[in-house]
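K.L.:
Here is what each chain is made of, one letter per residue.
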Amino acid sequence: MGTNIKNIQVLATLFLFAIYGCNSCKSLCVSGKTEYFFNAGTANFYPDKDSIKVGDTLWFTSIIPKRMRPIQNSQPVGDSIDFSGASDMTTDLALTSPLGIGSQTGAVDSFFIVPIKGNLQPNSLIPHSAKNVHFIEENNDYFLSLFLVAQKKGIYFADIADIFQAKKNCEVASIGIHIIDADKHLHYLQDIYYGGRPIAPIDSNSYCFKVY
Amino acid sequence: MFVYGGNTNVPGGWVQAWAILSGVHLDMFIDYHIDNPATASQAFSSDWIKGTFYHELSHASQYVQAGSSWYNNFVNAELDEQYKYPSGQYNPYGTGGSSNSPIIALGEAWAYHMGFYLANQKYNVENSLKGDAEAFVQPALSDYSNIGNDGFSLENFTPALPNDGFKWIPKGLMLDLMDNTLEPTRTKVNDLVSGYTIQQIFAALQSDVSTIAQFKARLLQQNPNNPTNNQINNLFASYGY
Numbered sequence: 017m018g019t020n021i022k023n024i025q026v027l028a029t030l031f032l033f034a035i036y037g038c039n040s041c042k043s044l045c046v047s048g049k050t051e052y053f054f055n056a057g058t059a060n061f062y063p064d065k066d067s068i069k070v071g072d073t074l075w076f077t078s079i080i081p082k083r084m085r086p087i088q089n090s091q092p093v094g095d096s097i098d099f100s101g102a103s104d105m106t107t108d109l110a111l112t113s114p115l116g117i118g119s120q121t122g123a124v125d126s127f128f129i130v131p132i133k134g135n136l137q138p139n140s141l142i143p144h145s146a147k148n149v150h151f152i153e154e155n156n157d158y159f160l161s162l163f164l165v166a167q168k169k170g171i172y173f174a175d176i177a178d179i180f181q182a183k184k185n186c187e188v189a190s191i192g193i194h195i196i197d198a199d200k201h202l203h204y205l206q207d208i209y210y211g212g213r214p215i216a217p218i219d220s221n222s223y224c225f226k227v228y
Numbered sequence: 006m007f008v009y010g011g012n013t014n015v016p017g018g019w020v021q022a023w024a025i026l027s028g029v030h031l032d033m034f035i036d037y038h039i040d041n042p043a044t045a046s047q048a049f050s051s052d053w054i055k056g057t058f059y060h061e062l063s064h065a066s067q068y069v070q071a072g073s074s075w076y077n078n079f080v081n082a083e084l085d086e087q088y089k090y091p092s093g094q095y096n097p098y099g100t101g102g103s104s105n106s107p108i109i110a111l112g113e114a115w116a117y118h119m120g121f122y123l124a125n126q127k128y129n130v131e132n133s134l135k136g137d138a139e140a141f142v143q144p145a146l147s148d149y150s151n152i153g154n155d156g157f158s159l160e161n162f163t164p165a166l167p168n169d170g171f172k173w174i175p176k177g178l179m180l181d182l183m184d185n186t187l188e189p190t191r192t193k194v195n196d197l198v199s200g201y202t203i204q205q206i207f208a209a210l211q212s213d214v215s216t217i218a219q220f221k222a223r224l225l226q227q228n229p230n231n232p233t234n235n236q237i238n239n240l241f242a243s244y245g246y
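Sequence order for the protein chains is W and V.
Counting in the working numbering, the first sequence runs without a single skipped number right up to 228 at its last residue.
Counting in the working numbering, the second sequence runs without a single skipped number right up to 246 at its last residue.
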């Protein structure tokens with residue numbers, strides 16, 4: 017009985033070696049991936065107007081520097097890191113329209129969206145609410161720029177999600193992107209979607225406007 | 006139960022191998038070795054450690070609730086995906102598109118929910134997780150302020166976020182069944198459901214419930230009087246189910 021248990025233990029050990037040992041041999045990132053968090057992305061809409069007309073154009077630009085200092089507990093730590101040549105510099109640009117308190121609907125189709133720098137694709141899970149946007153490298157930054165031509169009247173919420181786990185060799189980076197317009201017209205969000213209540217902190221990084 | 010904390014550079018598999026060889030039986034071990042300076046402090050943060058324990062103990066609770074047959078299927082599904090994806094974006098849960106995925110989605114949704122929910126009861130704001138690495142959980146870097154005891158990683162979970170290889174695990178679903186707060190617009194989750202309790206959610210995790218769709222059906226069957234049930238399809242659809 018004791019011998020059988022020993023044999024099982026040896027077999028199990030060999031099995032675990034087969035899984036873990038061989039995988040280490042195959043992987044280029046033998047010691048695992050290094051994960052960084054950056055908070056250096058910016059985005060803005062122009063012109064920064066509370067209301068625009070049907071047919072008006074809204075310009076959107078987002079810039080992420082290639083060299084960034086990692087953050088920890090919202091504070092920069094260590095030296096800046098060169099994250100040039102990364103893949104998956106992709107996130108979502110979302111456009112929705114409120115239906116009432118706590119309810120919204122996709123509004124991508126209410127705009128004619130044209131990329132200038134970077135690429136756009138529908139987000140296959142929420143094609144009416146968001147476009148996958150892919151940044152391109154240019155000089156010292158990653159760029160995304162596009163314009164939106166308003167096609168329908170309504171109230172709209174726009175936001176760009178943080179980049180989740182862009183990759184460079186054995187490093188991954190998640191990058192916060194902040195909308196830096198002086199006035200993001202969040203009263204639309206607070207009044208309509210939140211019914212006058214305080215908006216969730218994560219939604220303070222939205223940009224709202226009316227098309228009339 | 007024996008719990009092992011490994012502050013070493015030894016991969017988890019070797020720790021297990023050593024344990025088996027030496028006759029020590031591990032039900033759970035936490036490998037808190039540090040190989041990444043950017044995330045070093047997190048490994049010793051109480052909320053992270055407790056959240057991890059709650060996560061793993063929630064798997065154990067589902068074993069008790071759903072039985073050994075269900076649990077064997079769950080463990081085999083996860084082992085199979087780890088074998089197929091020993092590293093990279095889809096390690097350890099897989100792509101979400103295999104026959105193993107439904108039971109993994111359900112089991113991990115429960116564990117992620119309970120891990121963060123219970124840790125947040127104690128620590129309220131997830132200081133150590135804000136902007137730090139928590140494997141498989143989306144960070145919300147744009148948010149500098151305190152969020153409250155829902156915790157960003159559950160309430161702010163975004164099922165359609167690009168690059169997240171595990172967005173098919175509906176980590177925020179169970180909180181959305183419970184809470185009566187307005188869903189952040191940014192998640193694109195349609196959450197007008199509220200009032201479910203952890204007990205009701207746990208009660209639905211029965212031995213014949215192995216998919217998110219079966220979980221939804223059992224919830225509705227067991228709780229026909231929840232006044233927000235007419236919104237439950239919209240909520241699950243937001244998570245792709």
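Among these hints, one or two may not hold up.
To be verified - DEER-style ranges, computed between Cβ atoms:
| id | chain 1 | residue 1 | chain 2 | residue 2 | range |
| --- | --- | --- | --- | --- | --- |
| 1 | W | 125 | V | 232 | 29 to 39 Å |
| 2 | V | 227 | W | 94 | 48 to 58 Å |
| 3 | W | 154 | V | 80 | 44 to 54 Å |
Unchecked claim - Residues of chain W clear of chain V, computed beta-carbon distances all greater than 12 Å:
| id | residue |
| --- | --- |
| 4 | 71 |
| 5 | 72 |
| 6 | 128 |
| 7 | 139 |
| 8 | 170 |
| 9 | 178 |
| 10 | 209 |
| 11 | 213 |
| 12 | 220 |
The hints are simulated quantities; they were obtained by calculation from the structure and are not laboratory data.
Ideal placement from N, C-alpha and C gives every residue a C-beta, glycine not left out.
K.L.:
Work down the list of hints and note, for each, if the structure agrees.
P.N.:
Now the hints, each set against the structure:
Hint check: residue 125 (chain W) to residue 232 (chain V), Cβ distance near 33 Å, so the stated range 29 to 39 Å holds. Checking the proposed 48 to 58 Å range against residue 227 (chain V) and residue 94 (chain W) shows it holds: the Cβ atoms sit about 51 Å from each other. For the hinted restraint 44 to 54 Å between residue 154 (chain W) and residue 80 (chain V), the CB-CB distance of approximately 48 Å keeps it satisfied. Residue-level check passed: residue 71 (chain W) sits 26 Å from the nearest beta carbon of chain V, beyond 12 Å.
Under the 12 Å C-beta cut-off, the non-interface status given to residue 72 (chain W) relative to chain V holds; the minimum distance is some 23 Å. At roughly 21 Å, the least C-beta separation between residue 128 (chain W) and chain V is larger than 12 Å, which holds for a residue marked as non-interface. The non-interface label for residue 139 (chain W) is inconsistent with chain V: the shortest C-beta to C-beta separation is roughly 5 Å, within 12 Å. The beta carbon of residue 170 (chain W) is kept farther than 12 Å from every beta carbon of chain V, the shortest such distance being approximately 15 Å.
Not every CB of chain V is more than 12 Å from the CB of residue 178 (chain W) (nearest about 5 Å), against its label as outside the interface. Residue-level check failed: residue 209 (chain W) sits 6 Å from the nearest beta carbon of chain V, not beyond 12 Å. Here residue 213 (chain W) does not stay apart from chain V, with its beta-carbon only about 7 Å from theirs, under the 12 Å limit. Here residue 220 (chain W) does not stay apart from chain V, with its beta-carbon only about 8 Å from theirs, under the 12 Å limit.
Hint violations for this structure: numbers 7, 9, 10, 11, 12, all remaining hints satisfied.
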